[in-house]
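Protein sequence lines, in the order shown, are assigned to chains A and B. For the first sequence, position 298 matches number 298 in our numbering, and the numbering has no gaps at all. For the second sequence, position 357 matches number 754 in our numbering, and the numbering has no gaps at all.
Possibly wrong hints are sitting among the right ones.
Claimed, not checked - Below, computed lysine-lysine pairings styled on DSS-like, alpha-carbon distance capped at 25 Å:
id: 1; chain 1: B; residue 1: Lys-489; chain 2: B; residue 2: Lys-443
id: 2; chain 1: B; residue 1: Lys-586; chain 2: B; residue 2: Lys-552
id: 3; chain 1: A; residue 1: Lys-343; chain 2: A; residue 2: Lys-379
id: 4; chain 1: A; residue 1: Lys-367; chain 2: B; residue 2: Lys-717
id: 5; chain 1: A; residue 1: Lys-366; chain 2: B; residue 2: Lys-717
id: 6; chain 1: A; residue 1: Lys-243; chain 2: A; residue 2: Lys-343
id: 7; chain 1: B; residue 1: Lys-782; chain 2: A; residue 2: Lys-367
id: 8; chain 1: B; residue 1: Lys-782; chain 2: A; residue 2: Lys-366
id: 9; chain 1: A; residue 1: Lys-142; chain 2: A; residue 2: Lys-199
id: 10; chain 1: A; residue 1: Lys-169; chain 2: A; residue 2: Lys-192
id: 11; chain 1: B; residue 1: Lys-478; chain 2: B; residue 2: Lys-489
id: 12; chain 1: B; residue 1: Lys-753; chain 2: A; residue 2: Lys-367
id: 13; chain 1: B; residue 1: Lys-663; chain 2: B; residue 2: Lys-651
id: 14; chain 1: A; residue 1: Lys-366; chain 2: A; residue 2: Lys-243
id: 15; chain 1: A; residue 1: Lys-375; chain 2: A; residue 2: Lys-295
id: 16; chain 1: A; residue 1: Lys-330; chain 2: A; residue 2: Lys-375
id: 17; chain 1: A; residue 1: Lys-379; chain 2: B; residue 2: Lys-753
id: 18; chain 1: A; residue 1: Lys-343; chain 2: B; residue 2: Lys-753
id: 19; chain 1: A; residue 1: Lys-2; chain 2: A; residue 2: Lys-387
id: 20; chain 1: A; residue 1: Lys-221; chain 2: A; residue 2: Lys-295
id: 21; chain 1: A; residue 1: Lys-247; chain 2: B; residue 2: Lys-782
id: 22; chain 1: A; residue 1: Lys-367; chain 2: A; residue 2: Lys-343
id: 23; chain 1: B; residue 1: Lys-753; chain 2: A; residue 2: Lys-375
id: 24; chain 1: A; residue 1: Lys-387; chain 2: A; residue 2: Lys-375
id: 25; chain 1: A; residue 1: Lys-112; chain 2: A; residue 2: Lys-2
id: 26; chain 1: A; residue 1: Lys-137; chain 2: A; residue 2: Lys-199
id: 27; chain 1: B; residue 1: Lys-737; chain 2: B; residue 2: Lys-782
id: 28; chain 1: A; residue 1: Lys-199; chain 2: A; residue 2: Lys-2
id: 29; chain 1: B; residue 1: Lys-454; chain 2: B; residue 2: Lys-619
id: 30; chain 1: B; residue 1: Lys-737; chain 2: B; residue 2: Lys-515
id: 31; chain 1: B; residue 1: Lys-782; chain 2: A; residue 2: Lys-343
id: 32; chain 1: A; residue 1: Lys-330; chain 2: A; residue 2: Lys-343
id: 33; chain 1: B; residue 1: Lys-753; chain 2: A; residue 2: Lys-330
id: 34; chain 1: B; residue 1: Lys-753; chain 2: A; residue 2: Lys-366
To be verified - Which chain A residues stay away from chain B? Per the calculated CB distances, all over 10 Å, these:
id: 35; residue: Asn-80
id: 36; residue: Trp-100
id: 37; residue: His-119
id: 38; residue: Asp-120
id: 39; residue: Lys-169
id: 40; residue: Val-203
If you're looking for bench data, these hints aren't it; they were derived computationally from the structure. Bear in mind the structure is a predicted one, so any value in this text is a computation, not a measurement. Beta carbons: idealized from backbone N, C-alpha and C, even for Gly.
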Amino acid sequence: MKILMYGWEFPPLISGGLGVACYGIVQSLLAAGAEVELALPTISDHLFTNEHLHYLNVLDADVAGGPTPQPLLQPYLNANQYLSLKEKQVHAALYGKDLWEEVHRYAETAGKLALNTPHDIIHAHDWLTILAGMKAKQISNKPLVFHVHALEVDRCPQHIYQAVFDIEKLGLEAADRIIAVSQYTKNIIIEKYGIAAEKISVVYNGLLTTAKKLLTPKAQKDYFTVLFLGRLTEQKGPYYFIKAAEKVLSVRQDVEFVLAGDGDQLPALMQETARLDISQHIHFTGFLAPHDVGKIYQLSDIYVMPSVSEPFGISCLEAASYQLPVIISKQSGVSEVLSHALKVDYWDTDKLAACILALLEYPALKKEMLMHSHKQLAKLTWDEAAKNIISVYNSLA
Amino acid sequence: MPSVCFYFQVHQPLRLRPYTFFDIGHQSHYEDDALNQEILLKVANKCYLPTNALILKLIQQTQGRFKVAYSISGVTIEQFKKYSPETLDSFKRLADTGCVEMLNETYYHSLSFLFSPKEFLAQVQLHRELIQQEFGQTPTTFRNTELIYNNDLAKFVESLGYRTILAEGAEKILNGRSPNFVYQAQGCKQLKLLLRNYPLSDDIAFRFSNIDWEEHPLTAEKFSHWVHQTAGNGEVVNLFMDYETFGEHQWEDKGIFQFLAALPNKILSHDDFDFCTPQEATARYPSHGILDVPNFCSWADIDRDLTAWRGNELQESALKNIYELEAAVHAQQDEALLKKWRSLLTSDHFYYMCTKWCADGDVHKYFSHYDNPYAAYINFQNAAKDLRLRCSQ
Numbered sequence: 001m002k003i004l005m006y007g008w009e010f011p012p013l014i015s016g017g018l019g020v021a022c023y024g025i026v027q028s029l030l031a032a033g034a035e036v037e038l039a040l041p042t043i044s045d046h047l048f049t050n051e052h053l054h055y056l057n058v059l060d061a062d063v064a065g066g067p068t069p070q071p072l073l074q075p076y077l078n079a080n081q082y083l084s085l086k087e088k089q090v091h092a093a094l095y096g097k098d099l100w101e102e103v104h105r106y107a108e109t110a111g112k113l114a115l116n117t118p119h120d121i122i123h124a125h126d127w128l129t130i131l132a133g134m135k136a137k138q139i140s141n142k143p144l145v146f147h148v149h150a151l152e153v154d155r156c157p158q159h160i161y162q163a164v165f166d167i168e169k170l171g172l173e174a175a176d177r178i179i180a181v182s183q184y185t186k187n188i189i190i191e192k193y194g195i196a197a198e199k200i201s202v203v204y205n206g207l208l209t210t211a212k213k214l215l216t217p218k219a220q221k222d223y224f225t226v227l228f229l230g231r232l233t234e235q236k237g238p239y240y241f242i243k244a245a246e247k248v249l250s251v252r253q254d255v256e257f258v259l260a261g262d263g264d265q266l267p268a269l270m271q272e273t274a275r276l277d278i279s280q281h282i283h284f285t286g287f288l289a290p291h292d293v294g295k296i297y298q299l300s301d302i303y304v305m306p307s308v309s310e311p312f313g314i315s316c317l318e319a320a321s322y323q324l325p326v327i328i329s330k331q332s333g334v335s336e337v338l339s340h341a342l343k344v345d346y347w348d349t350d351k352l353a354a355c356i357l358a359l360l361e362y363p364a365l366k367k368e369m370l371m372h373s374h375k376q377l378a379k380l381t382w383d384e385a386a387k388n389i390i391s392v393y394n395s396l397a
Numbered sequence: 398m399p400s401v402c403f404y405f406q407v408h409q410p411l412r413l414r415p416y417t418f419f420d421i422g423h424q425s426h427y428e429d430d431a432l433n434q435e436i437l438l439k440v441a442n443k444c445y446l447p448t449n450a451l452i453l454k455l456i457q458q459t460q461g462r463f464k465v466a467y468s469i470s471g472v473t474i475e476q477f478k479k480y481s482p483e484t485l486d487s488f489k490r491l492a493d494t495g496c497v498e499m500l501n502e503t504y505y506h507s508l509s510f511l512f513s514p515k516e517f518l519a520q521v522q523l524h525r526e527l528i529q530q531e532f533g534q535t536p537t538t539f540r541n542t543e544l545i546y547n548n549d550l551a552k553f554v555e556s557l558g559y560r561t562i563l564a565e566g567a568e569k570i571l572n573g574r575s576p577n578f579v580y581q582a583q584g585c586k587q588l589k590l591l592l593r594n595y596p597l598s599d600d601i602a603f604r605f606s607n608i609d610w611e612e613h614p615l616t617a618e619k620f621s622h623w624v625h626q627t628a629g630n631g632e633v634v635n636l637f638m639d640y641e642t643f644g645e646h647q648w649e650d651k652g653i654f655q656f657l658a659a660l661p662n663k664i665l666s667h668d669d670f671d672f673c674t675p676q677e678a679t680a681r682y683p684s685h686g687i688l689d690v691p692n693f694c695s696w697a698d699i700d701r702d703l704t705a706w707r708g709n710e711l712q713e714s715a716l717k718n719i720y721e722l723e724a725a726v727h728a729q730q731d732e733a734l735l736k737k738w739r740s741l742l743t744s745d746h747f748y749y750m751c752t753k754w755c756a757d758g759d760v761h762k763y764f765s766h767y768d769n770p771y772a773a774y775i776n777f778q779n780a781a782k783d784l785r786l787r788c789s790q
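Work the whole structure out from these sequences, hints included.
Encoded structure:
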């Protein structure tokens, strides 16, 4: 089976969970015998290689000739960020006048890959690629699978960018089959986008490797480290992490809180920690490269994911694989598969703080959670996800 | 003449309120009064009141040939007094018929025998006095929490003067022998043992409404036929179950009350069969042999051991934590504090912390008001921490 896949980010170029998921899916699809033609906006020199995986440079598809610049798109990009990104380009005039136009320009070009690339199925990830997928379907008339990792209503619950929402809705309607990363996301697709439940399959994400070996033994230290890892955006709930930190620190001071990630809320969060007078216990690391992510997990004692709306939350599986007990928001997909976690409503910072304190206070809690989540992680693999994706393909073939 | 011996367990724990780390040192009321009242009233209406009325009627209709036994925990009787005195009255009316035996257990439905013989004795004594006071009976039959039993318990209970004790008819105890006889406890002279016939008990308690069960629907006629088949190789069929089976676990609209209403006459339709209470059973039937039970067994889960309460790190740490406080609590000489501590010994608190995620885990979930075992553990440990604080003041 030949899959024409429209990916977005791919290791080593990743800025979030989408790249990790795409990598896991492609690897396991290949292992299951599928052939993957993977279209990416940027082809790096260091991509992983496999004889049944071909990278497609969207530039190759442009038959019109003339100078065509690399698309200026990145996951999690918003309209304003696009404009400032464009200003920095030498040939700014060649790009779409706004994000909307750029997305369409990309879709037109990337979609045409379908002309010269034999395939049985078209598989697109998230809104940035779904228009390309739709264009490809127009050309080849092959079934289109829309894999939903995150939606506009997750990303900006308070400030939905209507154009993105419209693209998502268009794609969800046009797709022959939708894959949602959780029941949580499936419900949102049904309720907010008005799509029929029968059209949506839930396929949970997996974990690349389980049971991480600690590279170095845990450092002897006389304080605990609580970790937040993710973009510092409204969606990820870093503000609630800070509020909970304040409450924990009111009870005990031997705790350090780390926010690993970058995002538009960073200045506000720094101000808030100063205002609460807890700056000495709060550490902002900025964006972390994959290697450093592994390190920060190892240095931590508790992982917290207070997302306002989290379609899945792969980082929780990673954290658990590094033997961290995790506290997750109930508004997340991962809570459907990770039973041995503490679960709180994202807004309930009292409860979140109380959970952190309980983990610090009662060591048996961590021990019991880790023993069970270890067993559960072993079953959450990309191979299992790929098996389910292939059965979605087969239902369309 | 074989007998059918019914014993019903009546127990409602004092569930804890959401008690966070921030409450420690500030708030020493641990129980969720509203929730406990709500559940007690719900169960009283669905089960206790209608079933008591039915059983009273059956005793009258059969001129006292229908007999049953109850074990009602002390914390449940307290809740009856507080929230539903009419339920307690209806139990008293049953006790007054002379056809109902009230059994003795630990007042707080605790695991105290496993941790503190002194506390166990105190709770048995408290419960004994409560039963005398409320029902005018002096119990001669003992049943330990969740039918937890072994040789040591039997010896201890015999030393307290009891004649009869109940246990689970688990295969690992019986080794191929029948549960339908009276046995003698290993190391005891007087104390006799009645063993739960779990297949027949669970036909009513667990399988009654299960439409996937090949015997569904279960009629009084069919069930009596199974009971009658024991004639010739058994003397007493012990049907032990939670009283909440009637109307709460098995719903009224599934016909559980019709079943119960029809059962006594169907059983009695065989001339050789009658009903008896546990103390009558052991008085009437001789011991069929000595039963040696060195290891603890119980009626819980498929394991029939202690793992429902002592199966993981959470439970062990919580149990150790709370029993550790015994001396400190007594040293305070504060009745209210002692009562708070004892209430935290109730076995249900530890049952909620069970992490066996198999079929039994679902049963644990059904009975739990917590999201998961971790929430149960955190809540309990927080309350226990507050209590510890109060012991040091």
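How the hints compare with the structure:
1. Lys-489/B to Lys-443/B: holds, 19 Å
2. Lys-586/B to Lys-552/B: holds, 9 Å
3. Lys-343/A to Lys-379/A: holds, 21 Å
4. Lys-367/A to Lys-717/B: Judged against 25 Å, a Cα distance of about 16 Å means the pair holds.
5. Lys-366/A to Lys-717/B: holds, 17 Å
6. Lys-243/A to Lys-343/A: holds, 17 Å
7. Lys-782/B to Lys-367/A: holds, 20 Å
8. Lys-782/B to Lys-366/A: holds, 18 Å
9. Lys-142/A to Lys-199/A: OK: Lys-142/A and Lys-199/A at ~17 Å, within 25 Å.
10. Lys-169/A to Lys-192/A: It holds: about 9 Å lies between the C-alpha atoms, which stays within 25 Å.
11. Lys-478/B to Lys-489/B: holds, 12 Å
12. Lys-753/B to Lys-367/A: holds, 15 Å
13. Lys-663/B to Lys-651/B: This hinted pair holds, its Cα atoms lying about 19 Å apart.
14. Lys-366/A to Lys-243/A: holds, 23 Å
15. Lys-375/A to Lys-295/A: Holds, at about 23 Å.
16. Lys-330/A to Lys-375/A: With a Cα-Cα distance of about 21 Å, the restraint between Lys-330/A and Lys-375/A holds, given a limit of 25 Å.
17. Lys-379/A to Lys-753/B: holds, 17 Å
18. Lys-343/A to Lys-753/B: Between Lys-343/A and Lys-753/B the Cα gap is close to 19 Å, so the pair holds against 25 Å.
19. Lys-2/A to Lys-387/A: This hinted pair holds, its Cα atoms lying about 15 Å apart.
20. Lys-221/A to Lys-295/A: With a Cα-Cα distance of about 16 Å, the restraint between Lys-221/A and Lys-295/A holds, given a limit of 25 Å.
21. Lys-247/A to Lys-782/B: holds, 19 Å
22. Lys-367/A to Lys-343/A: Distance ~17 Å between Lys-367/A and Lys-343/A Cα, so the pair holds.
23. Lys-753/B to Lys-375/A: holds, 13 Å
24. Lys-387/A to Lys-375/A: Roughly 20 Å separates the two Cα atoms, so the pair holds.
25. Lys-112/A to Lys-2/A: Between Lys-112/A and Lys-2/A the Cα gap is close to 17 Å, so the pair holds against 25 Å.
26. Lys-137/A to Lys-199/A: Holds. Lys-137/A to Lys-199/A sits at ~17 Å (cutoff 25 Å).
27. Lys-737/B to Lys-782/B: Judged against 25 Å, a Cα distance of about 12 Å means the pair holds.
28. Lys-199/A to Lys-2/A: holds, 22 Å
29. Lys-454/B to Lys-619/B: Between Lys-454/B and Lys-619/B the Cα gap is close to 22 Å, so the pair holds against 25 Å.
30. Lys-737/B to Lys-515/B: holds, 17 Å
31. Lys-782/B to Lys-343/A: holds, 22 Å
32. Lys-330/A to Lys-343/A: Given pair Lys-330/A, Lys-343/A holds - Cα atoms ~6 Å apart, limit 25 Å.
33. Lys-753/B to Lys-330/A: Roughly 22 Å separates the two Cα atoms, so the pair holds.
34. Lys-753/B to Lys-366/A: holds, 17 Å
35. Asn-80: Given a closest Cβ separation of 40 Å, the condition holds.
36. Trp-100: Consistent with the label, Trp-100/A stays out of reach of chain B, its closest Cβ about 43 Å off (over 10 Å).
37. His-119: holds, 42 Å
38. Asp-120: holds, 39 Å
39. Lys-169: Fine: 34 Å to the nearest Cβ keeps Lys-169/A off the interface.
40. Val-203: holds, 22 Å
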